[in-house]
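So the protein sequences, as listed, match chains A and B.
Numbering-wise, our numbering puts 196 at position 207 of the first sequence, and it's gapless, one number per residue.
Numbering-wise, our numbering puts 98 at position 109 of the second sequence, and it's gapless, one number per residue.
If you're looking for bench data, these hints aren't it; they were derived computationally from the structure.
Please note that the accuracy of each hint is not assured.
Since copy identity is lost for identical chains, a pair holds within one copy or between any two.
Simulated crosslink set (DSSO-like; lysine-lysine; CA at most 30 Å straight-line) [what the hints assert, rightly or not]: (1) Lys119 <-> Lys2; (2) Lys211 <-> Lys308; (3) Lys119 <-> Lys62; (4) Lys308 <-> Lys2.
There are 2 protein chains.
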Amino acid sequence: MDSETDPEAMTSKESLQTISERTGYSVSTVSRVLAGKGEQYRIGRRAIETITAEAQACNYRPDLIAKGLRTRKTNTIGLTVPGIDNPFFSNLASIITNHLKGLGYNILLADTMEAEEMEADALNSFLSRKVDGIIAVPVGESPEMLERISRSVPVVLIDRYFPDTTLPYVCTDNYYGGLSATRHLIRKGYRNLLAIQGVLTSMPNKERVRGFEDAVRNSGDKGIRYAVTGDGFSSENGYESTMKVLESGNPPDAIFAFSTTIMLGALTAIREKGLKIPDDIGIISFDNNRFLDYLDPPITRIEQPAPQIGRTATDMLVKMIEGSQMEDSMEGQISIRPFLVEGRSC
Amino acid sequence: MDSETDPEAMTSKESLQTISERTGYSVSTVSRVLAGKGEQYRIGRRAIETITAEAQACNYRPDLIAKGLRTRKTNTIGLTVPGIDNPFFSNLASIITNHLKGLGYNILLADTMEAEEMEADALNSFLSRKVDGIIAVPVGESPEMLERISRSVPVVLIDRYFPDTTLPYVCTDNYYGGLSATRHLIRKGYRNLLAIQGVLTSMPNKERVRGFEDAVRNSGDKGIRYAVTGDGFSSENGYESTMKVLESGNPPDAIFAFSTTIMLGALTAIREKGLKIPDDIGIISFDNNRFLDYLDPPITRIEQPAPQIGRTATDMLVKMIEGSQMEDSMEGQISIRPFLVEGRSC
DNA sequence: ACAATTTGCGCAAACGTTTGCGCATGTCAC
DNA sequence: GTGACATGCGCAAACGTTTGCGCAAATTGT
Chain A
-10 MDSETDPEAM
0 TSKESLQTIS
10 ERTGYSVSTV
20 SRVLAGKGEQ
30 YRIGRRAIET
40 ITAEAQACNY
50 RPDLIAKGLR
60 TRKTNTIGLT
70 VPGIDNPFFS
80 NLASIITNHL
90 KGLGYNILLA
100 DTMEAEEMEA
110 DALNSFLSRK
120 VDGIIAVPVG
130 ESPEMLERIS
140 RSVPVVLIDR
150 YFPDTTLPYV
160 CTDNYYGGLS
170 ATRHLIRKGY
180 RNLLAIQGVL
190 TSMPNKERVR
200 GFEDAVRNSG
210 DKGIRYAVTG
220 DGFSSENGYE
230 STMKVLESGN
240 PPDAIFAFST
250 TIMLGALTAI
260 REKGLKIPDD
270 IGIISFDNNR
280 FLDYLDPPIT
290 RIEQPAPQIG
300 RTATDMLVKM
310 IEGSQMEDSM
320 EGQISIRPFL
330 VEGRSC
Chain B
-10 MDSETDPEAM
0 TSKESLQTIS
10 ERTGYSVSTV
20 SRVLAGKGEQ
30 YRIGRRAIET
40 ITAEAQACNY
50 RPDLIAKGLR
60 TRKTNTIGLT
70 VPGIDNPFFS
80 NLASIITNHL
90 KGLGYNILLA
100 DTMEAEEMEA
110 DALNSFLSRK
120 VDGIIAVPVG
130 ESPEMLERIS
140 RSVPVVLIDR
150 YFPDTTLPYV
160 CTDNYYGGLS
170 ATRHLIRKGY
180 RNLLAIQGVL
190 TSMPNKERVR
200 GFEDAVRNSG
210 DKGIRYAVTG
220 DGFSSENGYE
230 STMKVLESGN
240 PPDAIFAFST
250 TIMLGALTAI
260 REKGLKIPDD
270 IGIISFDNNR
280 FLDYLDPPIT
290 RIEQPAPQIG
300 RTATDMLVKM
310 IEGSQMEDSM
320 EGQISIRPFL
330 VEGRSC
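Start from the sequences and build out the full structure, keeping to the hints where you can.
This is the structure:
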């Protein structure tokens, strides 16, 4: 009656050892019982009852550090994102964290801030901490480090990836996204298109450009003019690129911004110039954000399938971790089609 | 020449043991040298050089799990937020993660989704994982669990807190925020104010209400009317509360939304009613978000000092962890004044 | 040449688990 | 009464570290 309400239940000092002493059973037996392997190891009813009761009473929680050391399994996975601040990544992180929790894993979070050294640090730290797996939004252009890491522990890339590697990834189908955005602009009657791109070297960016250009070329309409400009997923880039073309002799009648940040910059420039959206100029963006619906006008955009990306990547990783060897049925490089959400900006 | 470029450098199999074998020095010596305690333990120059060289060559990384078991220090801290999705929390998380990284800690992230059971799960998990400390945005109204936890491991609350506890926290000075927002509205000439509140039971909410009411009462202007309505930090709440009062016999001429989400809902309602901001109705919000500047009109708001909160809390926690006992000079319950950012919405 | 001191390093225990193996005792068949 | 098998449980090693203690050899003092 007082053991279960003991006010001084120093929450941390309980161990198999202490329970063993109090119940009179050996540490091994206690361990097996509390691991739920009582039956399996033919531990008697008496023992099982006594031990579970005592564990309950003293609020025993296994030391996952010790367990991890012994079993080499930490039930922890590492997640790197280039900026948890960025709504797209925090959304991904949220999905992944919650999905992973359901599967019995905790997450170690690292923010790489788009810096390769920080990414390297984070990955090394993950290794030292013996994570069971890693989900990463890679920064930088070289897969080297990640490939090395993936020889020690399962790695799944999300959102970004490297060409010519076997590293598994799941990302948006950026080509398709570029294609659909551009087709939408063309369908709406725009004929002088400008794409403002982000980080030039990143695959997502390259794919979007490819989609953009293919859409124009395959449109069958020889009258369409188009250009690609800009460098960097920043609103400065959006602002300056837009300003430049608006003041040039050949201003576009529609802008395809490769990210929300770029779009915001463009929007500012357009407003400064006093142009009306969507009549003077149309705009379409690439990203998710609930705020986009509250802008004036609400922004038409290609939304990335963040939930699917997050869930697919997590499932994939967990399969790699727990799977009885690589199950060959597993496709390791997946891209998921984004979808158009119409605002009134084009 | 080839040991440092060994392609088969199985990144994980290196241990003090293997280095010990290859160098001929004992595990203890290797440990001491690699811990940088060579001098301190009077290890010879030869040994130090050989060992560091070998460790370098084979890219040795200490096993932090084993180290943690032995030293009872994991250099990991747990962070719970009620929704990493929410820009305010992801912003906090970002600040904390990065600040903590600089101090040599990694972070275990848990999303509690505003649910007390999930918070309890997360905290227990943190305990099992032997985190060195915890930073939490508590959900729920009862400090019980967190107080119990804080007897085992340092805990610092952020953003929200409990009255009548000694749990250390650092949060926005919500009273001051409520006060300044309301004073601003009054200064701008509004005379019929409506506050749309969030979670009624939370301290931040209560304090904002108190600030709101005090500002009106202390204004010396008997002509000012005011009311508080709503329940929940959601846009639905914002929308419905606004709709109701706009359709009532006594519509307000200014709205003080207690969060961005609430503000967005209110904004929708106002637009639907065809009212002009700020002439027909003024609006002021409470939160941070870069998007607020891109709305039409840009929203005037009380910005929370997230960076200070994050950094202060982190420093506080680390001091508690590493400090030579509680340094008495330490004030444990801190609130930081938010500041007004003017848009054109009132 | 011998004691005292310093220098350089290793032994072994400990952290809290898990798990292969094996030892008692009890039960049954004959 | 003996062998065979089932039942119930414990011993001890192992995971990779850190660290108190202490021992041997080298150096110094006298």
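Going through the hints against the structure:
1. Lys119 <-> Lys2: both (25 Å within a copy, 12 Å between copies)
2. Lys211 <-> Lys308: neither (49 Å within a copy, 68 Å between copies)
3. Lys119 <-> Lys62: both (8 Å within a copy, 15 Å between copies)
4. Lys308 <-> Lys2: between (35 Å within a copy, 23 Å between copies)
Going through the hint list in order, the structure does not satisfy hint 2, though it satisfies all others.
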